[in-house]
Amino acid sequence: MLIINAGLFIPLFFQSLGGEIDNTNLSLGGVGSLQWSTYLNNNMTLGIEGGGMFAFSPNDRTLFMLPITARYAYILRAYPFEFPLSISAGFNFTRLSSMFKILPIVKPGVSAYWNYSPEWAFGVNFFYWWTPNLYLGPEPPKNHSRFGNFLEISLSALYHF
Amino acid sequence: MNVIHDTVRGYIRNFFSFFLLVVGGILFFACSDDSEGIFYSLEQEEKAVDNSLPNSVVITGDMLKETIDSEERYYVCAGSLFYRTVTVGDTTHWRKIKSPIDLGIVSGLAKVGGDIFVSVSNGSKHGLFRLNSTGTSYETVNLYNTREITRLFALNGNLFASAGTPLDDTPELLWWNGTNLVPTGITQYLIKAGAWDGTNYWFAGPSDLFQCTSLPGENSWSSVTPFYSYGMSSPPSSELEGKTYFTDLFADPDYPGTLYLCSSDGYILKTEDSGTTWISSSDHNKSFKSITKAAGMIILGAGTSVIRELPNAILEDDLNTIERPGGNFSRLPDLYESNVIRVFGFGDILFGGTTRNGLWRGDYSTDVSSPVWSQE
Numbered sequence: 001m002l003i004i005n006a007g008l009f010i011p012l013f014f015q016s017l018g019g020e021i022d023n024t025n026l027s028l029g030g031v032g033s034l035q036w037s038t039y040l041n042n043n044m045t046l047g048i049e050g051g052g053m054f055a056f057s058p059n060d061r062t063l064f065m066l067p068i069t070a071r072y073a074y075i076l077r078a079y080p081f082e083f084p085l086s087i088s089a090g091f092n093f094t095r096l097s098s099m100f101k102i103l104p105i106v107k108p109g110v111s112a113y114w115n116y117s118p119e120w121a122f123g124v125n126f127f128y129w130w131t132p133n134l135y136l137g138p139e140p141p142k143n144h145s146r147f148g149n150f151l152e153i154s155l156s157a158l159y160h161f
Numbered sequence: 001m002n003v004i005h006d007t008v009r010g011y012i013r014n015f016f017s018f019f020l021l022v023v024g025g026i027l028f029f030a031c032s033d034d035s036e037g038i039f040y041s042l043e044q045e046e047k048a049v050d051n052s053l054p055n056s057v058v059i060t061g062d063m064l065k066e067t068i069d070s071e072e073r074y075y076v077c078a079g080s081l082f083y084r085t086v087t088v089g090d091t092t093h094w095r096k097i098k099s100p101i102d103l104g105i106v107s108g109l110a111k112v113g114g115d116i117f118v119s120v121s122n123g124s125k126h127g128l129f130r131l132n133s134t135g136t137s138y139e140t141v142n143l144y145n146t147r148e149i150t151r152l153f154a155l156n157g158n159l160f161a162s163a164g165t166p167l168d169d170t171p172e173l174l175w176w177n178g179t180n181l182v183p184t185g186i187t188q189y190l191i192k193a194g195a196w197d198g199t200n201y202w203f204a205g206p207s208d209l210f211q212c213t214s215l216p217g218e219n220s221w222s223s224v225t226p227f228y229s230y231g232m233s234s235p236p237s238s239e240l241e242g243k244t245y246f247t248d249l250f251a252d253p254d255y256p257g258t259l260y261l262c263s264s265d266g267y268i269l270k271t272e273d274s275g276t277t278w279i280s281s282s283d284h285n286k287s288f289k290s291i292t293k294a295a296g297m298i299i300l301g302a303g304t305s306v307i308r309e310l311p312n313a314i315l316e317d318d319l320n321t322i323e324r325p326g327g328n329f330s331r332l333p334d335l336y337e338s339n340v341i342r343v344f345g346f347g348d349i350l351f352g353g354t355t356r357n358g359l360w361r362g363d364y365s366t367d368v369s370s371p372v373w374s375q376e
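Those sequence lines, one after another, are chains Y and B. Residue numbers for the first sequence follow my numbering, so the first one is 1 and each next one is one higher. Residue numbers for the second sequence follow my numbering, so the first one is 1 and each next one is one higher.
To be clear, the hints were calculated from the coordinates, so they are not data collected in a lab. All values derive from a computational prediction rather than experimental measurement. Yeah, the Cβ is synthetic: ideal placement off N, Cα and C, and Gly gets one too.
Away from chain B, derived, C-beta distances all over 12 Å, residues of chain Y:
id	residue
1	4
2	110
3	119
Derived DEER-like restraints, expressed as beta-carbon distance ranges:
id	chain 1	residue 1	chain 2	residue 2	range
4	B	50	Y	128	33 to 41 Å
5	Y	21	B	296	33 to 41 Å
6	Y	17	B	157	57 to 65 Å
7	B	283	Y	27	38 to 46 Å
8	Y	130	B	168	53 to 61 Å
9	Y	27	B	257	48 to 56 Å
10	Y	108	B	370	40 to 48 Å
11	B	283	Y	17	28 to 36 Å
12	Y	130	B	304	29 to 37 Å
13	Y	74	B	323	51 to 59 Å
14	Y	128	B	370	32 to 40 Å
15	B	122	Y	23	45 to 53 Å
16	B	50	Y	12	24 to 32 Å
17	B	346	Y	17	39 to 47 Å
Isolated chain Y, as found in the complex (with noise of 0.2 Å):
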């Protein structure tokens, strides 16, 4: 099946290694993807998801996060509706001005679908980002680590081949 996913990007926090929780300071952003996915059997999906996010700074920084990610759903089923659980990991190209680096993401979900046809389905996804921007020094430091943490809440039309 394919997938395709358009909506808003929230920015949550940051977290220090420390555990100290900061602001963002990011804008409300958007974020879509395409995803292909297919089954292993009736309730579970393996595929791979490929997309990207914007969102801006104070002084109109723009940060992009293209994240490409195996994905991983567990389907609940009570028709005509399906809930799709999933997970997805992989490693997300982030940059933001000049600066660039490639980081680890795991994507936690859960989706809710309409099939309104046996080919067409449409539904809204929530999927918490969760990406690691770690250092170990000298440039930049260590202390510079942190944990992004935002949300995807996008809206979805999936296709059955």
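We have chain Y already, so just place chain B on it with the hints.
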């Protein structure tokens, strides 16, 4: 059916193996040479306080602080010439003075003998103009239109002009004799900086340093030879040996005979006895573009980098300890990521002129270790 499933699973397994190999390879080879963390940078960022000067302008020339018409003003070359009042408040609007040459870029600004001189060029038309008595527009008379003036220097009450461009094979230094710009005798050198140390006139080209003890007079300086040139067999000081790519000079008015020289290949040099002896920093691996003094410190503008402070240069002759400014400096990425090509010090106020992020102001008056930065 099982055979088909096994085949599909085999494809999936191979696909994910390939995917992980490619991504792992990218991750392994991707290097980051950033100086700060990406998320950390966002976390620290704050909205810059912003005055009305366009933020995308290039600072193309000098800056002045002058009292004209009973009003204390800043003037700055930012493509066009802009000015604003100082005394009314720091958020008073900048005003643009319409260029006397269509699409003219202002390259130099200097006050001599009560007149403010401004050099303007659009590449094909050139000019040297005076501002009118109220300092709000140009006088119509073009005082010099022969060649493009790239810099103006007001030294000891005298006006000097560096004429010619890097594409021009005969650049020269000119002197204003009261009615005309006349040759000084320094030709074939593109002068980028000038200073008056209380006794001597100093001029720096990219690889040359000139020292002159008197004015050129009507017949120009005779037989002017560089005080120092890169590659000369017997430099006046071993500390100068091998130094080149000079970008700016600063003579400290509080210490006559003291001169600072910076270079785009990372060195800072200092003399306290009008050039008899010199000290040099080690290679800072920075591209220094401009040097000045503010808040009792020597401060440098650096290309592809940021403003740097030399906190111990004046009293301890320490040219090696450089620091990033404090205060909210590190919360303003448009400032600390900027290419700072000009720095201007006015007491406790420092201005940093950039190549694409306009003009920034650091107010050191409250706390020298924690200046308040804002964008003009």
